[in-house]
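Here is how the chains run, residue by residue.
There are 6 protein chains.
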Amino acid sequence: MPIISVKMTHEDGGATKEQKEMLSKKLTQSFQEVFNRKTNNAVVIIEEVSTDNYAIGGETVSNIRKIKA
Amino acid sequence: MPIISVKMTHEDGGATKEQKEMLSKKLTQSFQEVFNRKTNNAVVIIEEVSTDNYAIGGETVSNIRKIKA
Amino acid sequence: MPIISVKMTHEDGGATKEQKEMLSKKLTQSFQEVFNRKTNNAVVIIEEVSTDNYAIGGETVSNIRKIKA
Amino acid sequence: MPIISVKMTHEDGGATKEQKEMLSKKLTQSFQEVFNRKTNNAVVIIEEVSTDNYAIGGETVSNIRKIKA
Amino acid sequence: MPIISVKMTHEDGGATKEQKEMLSKKLTQSFQEVFNRKTNNAVVIIEEVSTDNYAIGGETVSNIRKIKA
Amino acid sequence: MPIISVKMTHEDGGATKEQKEMLSKKLTQSFQEVFNRKTNNAVVIIEEVSTDNYAIGGETVSNIRKIKA
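Residue numbers (the working numbering), protein chains in the order written: chain A, 20 to 88; chain B, 20 to 88; chain C, 20 to 88; chain D, 20 to 88; chain E, 20 to 88; chain F, 20 to 88.
FYI, nobody ran anything at the bench for these hints, they're computed from the structure. Treat the hints loosely; a few may be bogus.
Unchecked claim - Subject to a maximum C-alpha distance of 16 Å in a straight line, what follows is the list of computed EDC-like cross-link-like pairs (lysine to aspartate or glutamate):
#1 K85/F <-> D71/F
#2 K45/C <-> E78/D
#3 K57/D <-> E37/A
#4 K85/D <-> D31/D
#5 K85/E <-> E40/B
#6 K36/C <-> E66/C
#7 K36/C <-> E52/D
#8 K85/A <-> E37/E
#9 K85/F <-> D31/F
#10 K36/A <-> E66/B
#11 K44/E <-> E52/F
#12 K36/B <-> E66/B
#13 K57/E <-> E40/F
#14 K36/E <-> E52/A
#15 K85/C <-> E66/C
#16 K85/B <-> E30/B
#17 K57/E <-> E52/F
#18 K44/D <-> D31/F
#19 K36/B <-> E52/E
#20 K44/F <-> E52/E
#21 K85/E <-> D31/E
#22 K57/C <-> E40/B
#23 K57/B <-> E37/C
#24 K36/F <-> D71/C
#25 K85/C <-> E30/F
#26 K36/D <-> E52/F
#27 K36/D <-> E78/D
#28 K45/A <-> E52/D
#29 K57/B <-> E78/E
#30 K57/B <-> E52/C
#31 K85/D <-> E30/D
#32 K44/B <-> D71/E
Unchecked claim - Taking CB as the label site, the calculated pair distances span:
#33 G33/B <-> K36/A: 18 to 24 Å
#34 T35/C <-> E52/A: 32 to 38 Å
#35 D31/E <-> N59/A: 52 to 58 Å
#36 K57/D <-> I86/F: 30 to 36 Å
#37 D31/C <-> K36/D: 30 to 36 Å
#38 G32/E <-> T35/C: 44 to 50 Å
#39 K57/A <-> K57/D: 31 to 37 Å
#40 G33/F <-> G32/C: 43 to 49 Å
All C-beta atoms in this analysis are idealised placements derived from N, C-alpha and C, irrespective of residue type, glycine included.
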């Protein structure tokens, strides 16, 4: 019964309901395949973070996107 | 001085201000009763997560609610 | 079905098994009392952190304890 | 570039190096398949938590295992 | 390549884009100065939490602000 | 009063007590400089994670180090 939490940047209008369903399923299956433990209680929590609030190498992703554009 | 963080699904319009006050008090008291440590600096952080972003057993809570309904 | 996680300093030999059992029960009950939701799947995770790795006001708890002693 | 963190109970001597390698790969691939984003910087962090420090439904996993045994 | 996450109360309209840029830079530099490790992949995630959802000493920050006012 | 948490790989015998003291101070000061808020209650928590349990791009840091060596 793991807790799997995902933090990702919120981009292009955000992850769709379908993407979040697929991701939840796949992450849970991945765990199940590796550990062969019961996952009926496995929890997946997905958090989307504004690109203003997520920085890589000291630069917000908002700025990284601008530089690249 | 613990940090207690709560992640819960956002349901039925979300937790009310009063529920969050009560929860903060009770969690802090629980810690105090067990460890008898100072809790004047104890932190409680409550995060409500969309039922689309919270999955149990690989199924989002949004879908679990639908199946049950 | 909340996830409640507790981060606390590891002191005096650490929390005992009994304290961790009591804390888990009380935190879960607190949530149940406030929200009246099912808690049979509620998760409590307790993490004890070395006082060298936990700082308050920019000072590690190890040093705070020394100054007070 | 997501951060995927896994908290799981430490059981039967703990996850092996190989299991952790496989899990890291599979979780990263799952994300990649769903979002089609670059994952060369995706981070996976696996934390194993003592069964004394992990409770479900207010009962530590250590105790749950005993009751079942 | 550390992950640095900041949880802070959302106050006075929230942190500005500029403050979040500055904070990301400074936190990353701090890490770099102390450990002298590569930080081009260092991640900073900033989360602002409603003062209703953040409690200190069992009292929500919303209430603490009121009492002081 | 922020909570700043740092997750980093445990390498070369781990961060020293002095490094953790410095990091705690610098991170707290960084926050103070940007937001000009009281930081006497700011919390810094540093977690060092085994290179077997920390993966980048789907590869554990243990393996990344080997490939480079």
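Tested hints:
1. For the hint linking K85/F to D71/F, the alpha-carbon distance of about 12 Å falls within 16 Å, and the restraint holds.
2. Restraint check: the Cα-Cα separation between K45/C and E78/D comes to about 10 Å, which is no more than 16 Å; the hinted pair holds.
3. The straight-line distance between the Cα atoms of K57/D and E37/A is roughly 20 Å, outside the 16 Å bound, and the hint therefore fails.
4. Restraint check for K85/D and D31/D: satisfied, since their Cα atoms lie roughly 14 Å apart, inside the 16 Å limit.
5. For the proposed pair K85/E and E40/B, the alpha carbon gap of about 14 Å is at most 16 Å, so the pair holds.
6. Of the pairs offered as hints, the one joining K36/C and E66/C holds, with about 13 Å between alpha carbons and a cut-off of 16 Å not exceeded.
7. Restraint check for K36/C and E52/D: not satisfied, since their Cα atoms lie roughly 42 Å apart, outside the 16 Å limit.
8. This hinted pair checks out: K85/A and E37/E have alpha carbons roughly 15 Å apart, not beyond 16 Å.
9. Restraint check for K85/F and D31/F: satisfied, since their Cα atoms lie roughly 14 Å apart, inside the 16 Å limit.
10. For the proposed pair K36/A and E66/B, the alpha carbon gap of about 20 Å is over 16 Å, so the pair is violated.
11. Proximity of K44/E to E52/F is assessed by CA-CA distance (about 12 Å); at most 16 Å being required, the pair is judged to hold.
12. This hinted pair checks out: K36/B and E66/B have alpha carbons roughly 13 Å apart, not beyond 16 Å.
13. Between K57/E and E40/F the CA atoms are separated by roughly 20 Å; this puts the pair beyond 16 Å, and the hint is violated.
14. About 42 Å separates the Cα atoms of K36/E and E52/A, which puts this hinted pair outside 16 Å; it is violated.
15. Distance check on the hinted pair: K85/C and E66/C sit about 23 Å apart at the alpha-carbon level, beyond 16 Å; violated.
16. A distance of roughly 13 Å separates the Cα atoms of K85/B and E30/B; the hinted pair therefore holds under the 16 Å criterion.
17. This hinted pair does not check out: K57/E and E52/F have alpha carbons roughly 24 Å apart, beyond 16 Å.
18. For the proposed pair K44/D and D31/F, the alpha carbon gap of about 25 Å is over 16 Å, so the pair is violated.
19. For the suggested pair K36/B and E52/E, the alpha carbons sit about 42 Å apart, so the restraint of at most 16 Å is broken.
20. Our distance criterion of 16 Å between C-alpha atoms is met by K44/F and E52/E, whose separation comes to about 12 Å.
21. Distance hint between K85/E and D31/E is fulfilled; the C-alpha atoms sit about 14 Å from each other, no more than 16 Å.
22. Under the criterion of a C-alpha separation no larger than 16 Å, the hint pairing K57/C with E40/B is inconsistent with the structure, at around 20 Å.
23. Distance hint between K57/B and E37/C is unfulfilled; the C-alpha atoms sit about 20 Å from each other, more than 16 Å.
24. The straight-line distance between the Cα atoms of K36/F and D71/C is roughly 6 Å, inside the 16 Å bound, and the hint therefore holds.
25. Taking the CA atoms of K85/C and E30/F, the gap is about 28 Å. The hint is violated against a cut of 16 Å.
26. About 42 Å separates the Cα atoms of K36/D and E52/F, which puts this hinted pair outside 16 Å; it is violated.
27. For the proposed pair K36/D and E78/D, the alpha carbon gap of about 29 Å is over 16 Å, so the pair is violated.
28. For the hint pairing K45/A with E52/D, the CA-to-CA distance comes to about 9 Å; that is within 16 Å, so the pair holds.
29. Under the criterion of a C-alpha separation no larger than 16 Å, the hint pairing K57/B with E78/E is consistent with the structure, at around 14 Å.
30. Annotation: proposed proximity of K57/B to E52/C is violated, straight-line Cα distance about 24 Å (limit 16 Å).
31. Proposed proximity of K85/D and E30/D is supported: the alpha carbons are some 13 Å apart, at most 16 Å.
32. At most 16 Å may separate the alpha-carbon atoms for a hinted pair to count; K44/B and D71/E meet this at roughly 13 Å.
33. Checking the proposed 18 to 24 Å range against G33/B and K36/A shows it holds: the Cβ atoms sit about 19 Å from each other.
34. About 37 Å separates the C-beta atoms of T35/C and E52/A, a value consistent with the hinted range of 32 to 38 Å.
35. The hinted window of 52 to 58 Å between D31/E and N59/A is violated, with their beta carbons roughly 45 Å apart.
36. The supplied range of 30 to 36 Å is broken by K57/D and I86/F, whose beta-carbon atoms lie about 20 Å from each other.
37. Distance hint check: the CB atoms of D31/C and K36/D are about 34 Å apart, consistent with the given range 30 to 36 Å.
38. Distance hint check: the CB atoms of G32/E and T35/C are about 46 Å apart, consistent with the given range 44 to 50 Å.
39. About 33 Å separates the C-beta atoms of K57/A and K57/D, a value consistent with the hinted range of 31 to 37 Å.
40. Range check, G33/F to G32/C: about 22 Å between beta-carbon atoms, so the 43 to 49 Å window is missed.
The structure shown violates the earlier hints numbered 3, 7, 10, 13, 14, 15, 17, 18, 19, 22, 23, 25, 26, 27, 30, 35, 36 and 40.
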